[in-house]
Each structure stands twice: as structure tokens, then as C-alpha cells.
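J.: Below, each chain spelled out in residue letters.
Number of protein chains: 2
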Amino acid sequence: MTKEFLVDQIRKKQSFLCIGLDVDLNKIPEHLLKLEDPIFEFNKAIIDATHQFCVAYKPNTAFYEAYGLKGWQALEKTIDYLNKNYPEIFTIADAKRGDIGNTSRMYAKAFFEDLGFDSVTVAPYMGKDSVEPFLEFKDKHTILLALTSNEGAFDFQTKTVDHTELYKKVLITSKSWGNSQNLMYVVGATKAEYLTDIRKLIPDNFLLVPGIGAQGGSLEEVCKYGMTQNVGLLINSSRGIIYASSAEDYAEKAAEQASKLQQSMTVILRNQPKCK
Amino acid sequence: MTKEFLVDQIRKKQSFLCIGLDVDLNKIPEHLLKLEDPIFEFNKAIIDATHQFCVAYKPNTAFYEAYGLKGWQALEKTIDYLNKNYPEIFTIADAKRGDIGNTSRMYAKAFFEDLGFDSVTVAPYMGKDSVEPFLEFKDKHTILLALTSNEGAFDFQTKTVDHTELYKKVLITSKSWGNSQNLMYVVGATKAEYLTDIRKLIPDNFLLVPGIGAQGGSLEEVCKYGMTQNVGLLINSSRGIIYASSAEDYAEKAAEQASKLQQSMTVILRNQPKCK
Numbered sequence: 341m342t343k344e345f346l347v348d349q350i351r352k353k354q355s356f357l358c359i360g361l362d363v364d365l366n367k368i369p370e371h372l373l374k375l376e377d378p379i380f381e382f383n384k385a386i387i388d389a390t391h392q393f394c395v396a397y398k399p400n401t402a403f404y405e406a407y408g409l410k411g412w413q414a415l416e417k418t419i420d421y422l423n424k425n426y427p428e429i430f431t432i433a434d435a436k437r438g439d440i441g442n443t444s445r446m447y448a449k450a451f452f453e454d455l456g457f458d459s460v461t462v463a464p465y466m467g468k469d470s471v472e473p474f475l476e477f478k479d480k481h482t483i484l485l486a487l488t489s490n491e492g493a494f495d496f497q498t499k500t501v502d503h504t505e506l507y508k509k510v511l512i513t514s515k516s517w518g519n520s521q522n523l524m525y526v527v528g529a530t531k532a533e534y535l536t537d538i539r540k541l542i543p544d545n546f547l548l549v550p551g552i553g554a555q556g557g558s559l560e561e562v563c564k565y566g567m568t569q570n571v572g573l574l575i576n577s578s579r580g581i582i583y584a585s586s587a588e589d590y591a592e593k594a595a596e597q598a599s600k601l602q603q604s605m606t607v608i609l610r611n612q613p614k615c616k
Numbered sequence: 341m342t343k344e345f346l347v348d349q350i351r352k353k354q355s356f357l358c359i360g361l362d363v364d365l366n367k368i369p370e371h372l373l374k375l376e377d378p379i380f381e382f383n384k385a386i387i388d389a390t391h392q393f394c395v396a397y398k399p400n401t402a403f404y405e406a407y408g409l410k411g412w413q414a415l416e417k418t419i420d421y422l423n424k425n426y427p428e429i430f431t432i433a434d435a436k437r438g439d440i441g442n443t444s445r446m447y448a449k450a451f452f453e454d455l456g457f458d459s460v461t462v463a464p465y466m467g468k469d470s471v472e473p474f475l476e477f478k479d480k481h482t483i484l485l486a487l488t489s490n491e492g493a494f495d496f497q498t499k500t501v502d503h504t505e506l507y508k509k510v511l512i513t514s515k516s517w518g519n520s521q522n523l524m525y526v527v528g529a530t531k532a533e534y535l536t537d538i539r540k541l542i543p544d545n546f547l548l549v550p551g552i553g554a555q556g557g558s559l560e561e562v563c564k565y566g567m568t569q570n571v572g573l574l575i576n577s578s579r580g581i582i583y584a585s586s587a588e589d590y591a592e593k594a595a596e597q598a599s600k601l602q603q604s605m606t607v608i609l610r611n612q613p614k615c616k
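Listed in order, the protein sequences are those of chains V and C. The opening residue of the first sequence carries number 341 in our numbering; numbering runs sequentially from there. The opening residue of the second sequence carries number 341 in our numbering; numbering runs sequentially from there.
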């Protein structure tokens, strides 16, 4: 998927919501556990009920790997279901991979070619040759970790390197590896006040923003400081949507929560003259 | 497996060799491709032929994920085979994972509990709460990336942070998260000259050292600067051993290469009075 197509979808749906499919068998409705593939059945129902309110889905691979072969199969079925039934949806493998060049190439192949995701999250610690193999795929997107939403972000990411913070050094250095067509960044919603500075460094790249809801980030703050002419934001919500109810009405309740967020986004887009 | 057991194995086998099981279907002998599970058959033959020369095996997950469900199954079969037939072998999932706390916990569960690895490599960029869930498992080992063997290591890892290099900051900060019983570090063999300084910061932790052979690192240099009283080193070789031959004699040739490295290690251990 191209960046332009994604921006068109955002304008059409008046939403820049991404729904995180972090499926934990301890949290999904009990009646699903009797089915052959409860993870996929849960995802399918959530996707069918919420797709009109969002532009992206983001399964985090940890939640699938934790269930071994069955988990990996559920991940494959989920991305296949999305690609077949909702090809207009932007798909993100939240995998946070990164390795030496020839190994990163295997990861890129796995997520882009075999599974068919539009994008994958990548960790920057190993530098240029660990990221470039992901950038070589046409119409695919590399989403590099910059400033994450967790407390641990302050251990290294905000430390001063070469007279700037490490996460800014990551932005500055990595800018030349790709461009705003194929390179996005993760910036946590819990650190919205950093977004003004971040936008000075990367005015055009999309940001994937986790941390709204359960982690305490504010949608309004993120948009105030992080929005661009092309919107430039994908706001992720996982637990707040998919676990809105643990009863049989889980998909319906998830849709209600997704719809609420989509409505807030519509208001924000209307009030942002540059985004109309 | 405890650290003491690993050290005992090293002394018994006079080897601190780790063999990287990075299986690429384009590189393995053609006759294996006709079999139902060529990846596992290749690993099984390599393991049977080389286990007496090494103390550890390290499959890199990228090479398995690249083959989807079949790849993941081959990884499961490989670790099961190792745990059943060679329980004295230290096993490393080279996965370079790391995510926010509740998500890292899922990865830790996947690699330690479900797959049954002794250790997993973890990326430090997301800080303490992304690493701690791995450290909570008894007799399991977290191998944190410090200074990697690739060129990209110079993009961020060697940059100055708080008056020291980022990789040293990672060592200093992470030391308090675990201890030398459950925390190891990745330090590339291509940067052996850095080991003197590294050993001042972490005198007792084991180091997993990739980059010998195909990547150009020197075994002697690494041992000269990195060895401790408890040896403290696991030297990895992947391509140089497992692809020593692409003909039907691949396992035999792999054993020859592993044996050569083991013999060099025996000489080094004999000449290091502190390691006798």
C-alpha cells in the first residue's frame, strides 16, 4: 500500500485509528475457548465489527508466538482474512525486529512477502544495515522505534547523545536511510509533549502512536502537537477496544469503543484547517 | 540450566563453542529438499555430528519465521530434539526481542516455557521494563545486545551518552536489572579490542560472541581480552560450520570445522592459567 492510499483512506473514513490485535486467551470471552481457533475467531469478529471505524490493524507478534504453532497459524489466518476481505486496511506486524543485514532480510521476507503485511515495526539499536533490508520492499513500510510509550524509554532513549536525545539521534540518522514514503516512526502517546520537537525533525513521516487509553495518553494532545497536512498519525488502541467486554457482546462493545474514538477523530480533523 | 552447569560443560568438553543454526533452504544440500521437513533434518544431522565439539546451539528465529508455519514447526522440533537428546547443551533463541512489559512477558513465556530454550537474546532500546520479564524465569538467561558485530553498531551503540558509549551505558544500567547468573551480553568478535573496557564493567557475566569466521573476527583476540576465570565466553560460528559443504557430506564437514574450533579452544584453555 502506498502512503497516498493510506491518507485517502483516512480522509474517507475520517479516522486515523489503528486497532491492536493483542489477543490473550486469558482475556477473551470464555465461550470462544471451545472453538478450534479461538484467537482467529476473536480477531475475525473484532475486525468485522470495527473495520469501518479504523484504517489499520496491528497484531503484536508476541501474543501469537506465546501460543506456538497454533498462535502463528492464527496470525497467518488473521492477515489473510484482512488482505482478502479488507484490502483497503493498512496492516502492521508489531514485531520490533532487527538483526544483521542478511538476517533482517529474512525477517523482511517473512513479514512482507510470506505473511503479506504492509508494514513492520523495527528496533533501531543495530543501526543502518539492520534496517535497510526492510526499506528495500516496494510499497511496504518500515516503522522504526523512536520514543516508546513505556517507562523504560527513559533508560536510554531520552539520554543525551551528540548534544541531542538518543531518540532524536535515531530520527536524524535514519531519515537518510529511507523517506517519508517508506519510513514511519513509533512515538508513544504518553510523551505527547515531545511531538513539537519531533515534528521539526521529521515533518512528513507518519507516526504510529501507541499508549492512548490503557497507558494514559491523550488523543487531543497527540493531535495538537503531532498532526501534519497529511494527518501523519496512526493512533493505536488495543486493550481499550478489544477487551471492552469479556461477555458474548465483545465485538459489539469493541465497535462502540472504536466508533467513539473515530468520532473524536472526525471532530479533530474538522477543526484542523490544514487537514481538511 | 544454571551458569555453573554451563561452566562445568565447558571444562568437560574443553570447548566454549556455540553453533548457529541459521538454516537457509537456498544453502542446504539439495537432496534434503525432497524430505518432508528439510530444515529439521538438516539441523538433526548437524547436531548429531557436532554436539561433542560444542556446548551450545543458537537458532536465529528469522531463518525459521521466513518459512512461516513450517519454519516455526522446524524450530519447535529442533529445540525438542535438543532438549530430549542432549539436555547438557545450552540453547539460545537468537530472537532479539523486546517490547513493553506485558508484551515482553509473552515473548519470555514463548521462548522459555513453551519452546523450552535456556536463553533468549533481547534488544535493550526499550529499557528496564522491556527486559525484566525475561529475567524473572529461574535458571533461564537473558542475553542483552550490547555491541553487535555489524557495521551498523557504529550508528548508535558507539556514540557517546553521559560521557561514555551507548553500549557501555547499556552495560552499566542493565547490570542492576539482573546479575551474572541470569544476564549475559552480546559482544561482536569483530570488535575484540573493546573487550578490555567491557570486562572492567562486567567482569563476571558471560558474553555471547558472534562474528568469528564469515564476519572476520579472531578467536584468539576475543579470548585474550574477554576471557574470565569461569571462561565467560560463548563463541558462535554459524555459516563457517553448517555450510562447510553443500554436498551429502555436509554433516561430516560441519563436524570437521567444529572439531577444529574446539581444538583451538582446548589450546587456549590450556594456556590460560586462570581457566584451568
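To be clear, the hints were calculated from the coordinates, so they are not data collected in a lab. Watch out, some of these pointers could steer you wrong.
Any copy will do: because identical chains look the same in the list, a pair fits if it lies in one copy or spans two.
As the list claims (entries may be wrong) - Pairs of lysine-lysine residues, derived as DSSO-like cross-links and limited to a Cα-Cα distance of at most 30 Å, are as follows: (1) K410 - K352; (2) K564 - K424; (3) K374 - K515; (4) K478 - K367; (5) K353 - K478; (6) K367 - K540; (7) K480 - K593; (8) K384 - K353; (9) K480 - K367; (10) K352 - K367; (11) K424 - K352; (12) K410 - K367; (13) K367 - K468; (14) K374 - K449; (15) K593 - K468; (16) K353 - K593; (17) K367 - K343; (18) K478 - K600; (19) K410 - K424.
J.: If a hint holds in the structure, say so; if it does not, say that too.
T.: Structure-based check of all given hints:
| no. | hint | verdict |
| --- | --- | --- |
| 1 | K410 - K352 | neither (36 Å within a copy, 39 Å between copies) |
| 2 | K564 - K424 | neither (35 Å within a copy, 57 Å between copies) |
| 3 | K374 - K515 | neither (48 Å within a copy, 45 Å between copies) |
| 4 | K478 - K367 | between (37 Å within a copy, 26 Å between copies) |
| 5 | K353 - K478 | within (25 Å within a copy, 49 Å between copies) |
| 6 | K367 - K540 | neither (40 Å within a copy, 46 Å between copies) |
| 7 | K480 - K593 | neither (32 Å within a copy, 40 Å between copies) |
| 8 | K384 - K353 | within (20 Å within a copy, 52 Å between copies) |
| 9 | K480 - K367 | between (32 Å within a copy, 27 Å between copies) |
| 10 | K352 - K367 | neither (33 Å within a copy, 47 Å between copies) |
| 11 | K424 - K352 | within (20 Å within a copy, 56 Å between copies) |
| 12 | K410 - K367 | both (17 Å within a copy, 28 Å between copies) |
| 13 | K367 - K468 | between (38 Å within a copy, 26 Å between copies) |
| 14 | K374 - K449 | between (34 Å within a copy, 23 Å between copies) |
| 15 | K593 - K468 | neither (43 Å within a copy, 34 Å between copies) |
| 16 | K353 - K593 | within (20 Å within a copy, 60 Å between copies) |
| 17 | K367 - K343 | neither (34 Å within a copy, 36 Å between copies) |
| 18 | K478 - K600 | neither (34 Å within a copy, 44 Å between copies) |
| 19 | K410 - K424 | both (21 Å within a copy, 22 Å between copies) |
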